[in-house]
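> Quick note, the sequences are listed as chains A and B, same order. In this text, residue positions in the first sequence follow our numbering: the first is 1, and each later residue adds one. In this text, residue positions in the second sequence follow our numbering: the first is 1, and each later residue adds one.
To be clear, the hints were calculated from the coordinates, so they are not data collected in a lab. Ideal Cβ positions, reconstructed from N, Cα and C, are used throughout, including at glycine. Heads up, a few of these hints could be off.
As the list claims (entries may be wrong) - Only pairs whose alpha carbons sit at most 16 angstroms apart, straight line, appear in this in silico EDC-like list of lysine to aspartate or glutamate:
#1 Lys103(B) x Glu121(B)
#2 Lys80(B) x Glu405(A)
#3 Lys103(B) x Glu137(B)
#4 Lys80(B) x Asp161(B)
#5 Lys63(A) x Glu23(A)
#6 Lys80(B) x Glu396(A)
What the hints assert, rightly or not - Per the computed footprint, the stretches of chain A lying under chain B, defined by three or more beta-carbons under 8 angstroms from a beta-carbon of chain B, are:
#7 395-403
#8 410-423
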Amino acid sequence: MLAAAGVLAAAAVSARPADPPREIRWAGDPEGGAPYVEADPADPGRLVGFDVEIADLIARGLKRTPRFVLITFSSIDQSVARGDAEIGLSGIEDTTARRTTMAPTIPYYEFREVLTVRTADTARYRTLADLAGRRVGTLGGTIAYEILVRAQKDHRIQPVSYDDDVHPFSDLSLGRLDAVLLDNVLAERRRRSMTGLVVQQESIAVGHYVGILDQRNAPLRDAIDDIFRRAMRDGTFERIFRKWNVWNDDQPALYSRLLAGEPVPPVVGMVGAADVATLSRWQATRLYVPGLLTAAVVTIVLSCLSMTLAVGLGVLIASGRVYGTGLLRAALTSYVELMRGTPILLQLFVIYYGLAAAIRLPAFLAALLGLALNYAAYESEIYRGALEAVPVGQLEAARTLGLTERQVLTLVRGPQAFRLALAPMTNDFVALLKDSSLVSVLTVMELTKQTQIFATNLGSWVIPGTLCAALYLAMSLPLAAFARRLEQRWKPQPR
Amino acid sequence: MNDSVVRVRDLRLRRGERTILAGVSFDVVRGGLVALMGPSGSGKTTILRAIAALERFDAGTITIESLTLTGGIPSPALLKQLRRHVGLVFQFHHLFEHLPALKNVTLAPVHAGGMSVADAERRARDLLAALGVEHREHALPRELSGGEAQRVAIARALAVDPPLLMMDEPTASLDPARRSELGELLRGLVKQGRTILVSTHDDEFAREWATQVLRVSGGRVI
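Here chain B stands alone, though its shape is the one from the complex:
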């Protein structure tokens, strides 16, 4: 228990009459590749968004390392620290459409992390190379394939070096071969000491690659 990167306790959220989360509790162990499994609409994405402080919740707590989120608006100082600990790759990537791949990756290290442009570009090129898309560094997001865009989005999230990387439905638009490549990639990241939390409804992917599977149903982790 003491080696958990994330501890979620009794997380609750209602939208109007609809209960989205009905007391979600779970831990994410350090160095694991944890899969949040569940059908569409079960609340997986909402949980990831709540951990990333993009979603308010009604009750419960989320603790990431030593940082604790409650339902209220987090302070700017808390948010700043949280962003250093948690990276999120969105299902639809949300790359910055006006910037080429390399600039998508260097934007945050330069402007939020205070890194020099040269250092940020060096690191971004290393990440793009490790993810197999170094040849696309000058391409705009609209010129990338779905798989390439996902890899650039992963590089962008890793560029700020968060200990916890979350991915929302990473296999949703991948064919089986690409899914395996992604699994290998995530396993490699875990070997480097990173903790990964993915939401997915892809049972096969979760069984093959996850070190821990959490099932979400009816707004709870069962």
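The following block holds chain A by itself, in its conformation from the complex:
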């Protein structure tokens, strides 16, 4: 009844024409934390941060009520474009791509891209050139990442992409990275909360935070730009940023230029190739295809190695569950249920970050182990079923002929079980190939992650998504065909 009444009420409301919207939905990601958006430590149901206050400022200016929409940081552009929110605000960088594909506001904050290093390396790593051959981490799909990709060519730096801005700093502390390149707001926040890190004074580039809207919302963007200009003049922005301890001399200089109508480039100091968004689609595609192919190689190598390990472990687990003692069977059953009953993402996080205090696994090895340990549980169930499907009569026949239990397994049961398991195993390999995209959370640059970066920089998913799908299909279709052939060849024949 209540639901029906709600639907009717909603229909009545929507039927009224030209009713001005009462809300302004703004998208952000609280995972980034303070000073942008975070859950209030005193009241976790409430959000605080300078972007929260800017959203309130916009809502007041528009005479609407702000409503927060939680969107993963890397998906804010796409969500705003598809209409999940009117504006995205979460320390979003001004880029040429966004100026080309979205309707960004005027900048409201100027930041500097700075290097953070371990205290012991303060004198050693001051510039990108000092970091030749070293691993430098940053948030994927950001200006900082783009700078590192260019520095890869110029200085042989190894860029390492993260999905969040916390783990680059913890990995720097652990020695997995030699430096982190991120904006000074994030760097200062981490320097304050972690020991042993130093933020270098030299800035690598200068960028700006903006709000982003869909191009169809350009009139709304213009209204918000007016609100921002008023906030620059009347000191509202200064008050907000002082409150969050991020006010500095760069901001009044930025506001002066904006209020004087001077153009402000999205990024200052990023040298090298032109921004992807300024290239034609064909040029951009040519630029990214080698990276996508390299990432596809990472995907296939990682998948092959993980599957090999998963098969080996799966055989051992299945054998233990079929032949082992009660205690061993119980332990192995618990393992299988644990791995099948918890998300693989959680397992990857635990292996890479959770165990870091005890053992610091390199990202690729952690990804390989995570996938292998998870898939071993599923494989073992296939093998257990296959072992148990071999008729008991054949096993007894083998025993009466004098074969030992080990010989019965290796000469009679195992080979037949392998044939039964091969087709489902091949299907699992195809699934693993796709699940390997999850390891990007451990900074492994595989195909999906590379595609995401390509799409963010290009401002469109059409070409990157098509190329990515084509590469996955090129890897998985032959496997699927192979599985079908095996099924045809070895399916049980009627007597």
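Model the placement of chain B on the given structure of chain A, informed by the hints.
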């Protein structure tokens, strides 16, 4: 009595409330073709399985030559010796589905008997020829007829050269002509000095070919 290959004494087995064997005793004389006769469910197969150490029993003893089985789990050493003395051809043959006929026959001599592959194949071909299925050596079990599969199963059991060959319901799926062929075959094996114990409910076959008939009823040999 002293020339018995198998001596079964007071063999008893219960499964839950059901008595399967209620004190079975009999001897199998060396060089005989002995038929265990009885209706389905009378315990014939269980007796063969107990002699082959595939079935545990509650009480009694089974002595094969100098080896004695009691109800407990036999030691690996005892099992190893037992396998050299006793061969069993199952009612449904249970050939190894992934191996062609020749490999089915050579598997045990090579891996359990330590014979060279060449010697094992030579012997396997001789056995398959003696049983009239040498032309099927490359066929997989699923490609064999019921009669061919049975002959390959017999060859497989004989390949490890056991003095006692047991067969469970060997005539169950054979027409009369094939039954006679089997009878001739078993008689030939007996002439070579082998002892054969078959379980069957085929009265005609037992009367025509067996040198000794033991009747099983109510879990006893009567």
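> With reference to the structure, classify each hint as holding or not holding.
Do the hints match the structure? See the list:
As the CA atoms of Lys103(B) and Glu121(B) are separated by approximately 8 angstroms, the hinted pair is consistent with the 16 angstroms bound. Simply put, Lys80(B) and Glu405(A) have alpha-carbon atoms about 12 angstroms apart, close enough for the 16 angstroms limit, and the pair holds. For the suggested pair Lys103(B) and Glu137(B), the alpha carbons sit about 8 angstroms apart, so the restraint of at most 16 angstroms is met. Note on Lys80(B) and Asp161(B): the hinted pairing holds, with a Cα-Cα distance of about 14 angstroms set against a maximum of 16 angstroms.
Taking the CA atoms of Lys63(A) and Glu23(A), the gap is near 9 angstroms; set against the 16 angstroms cutoff, the hint holds. For the hint pairing Lys80(B) with Glu396(A), the CA-to-CA distance comes to about 14 angstroms; that is within 16 angstroms, so the pair holds. Residue count for the segment 395-403 of chain A with a Cβ under 8 angstroms from a Cβ of chain B: 8. That meets the three needed, and the coverage hint holds. For the segment 410-423 of chain A, the stated coverage by chain B holds: 5 residues have a C-beta nearer than 8 angstroms to a C-beta of that chain, and at least 3 were required.
When the structure is compared with the earlier hints, no violation turns up for any of them.
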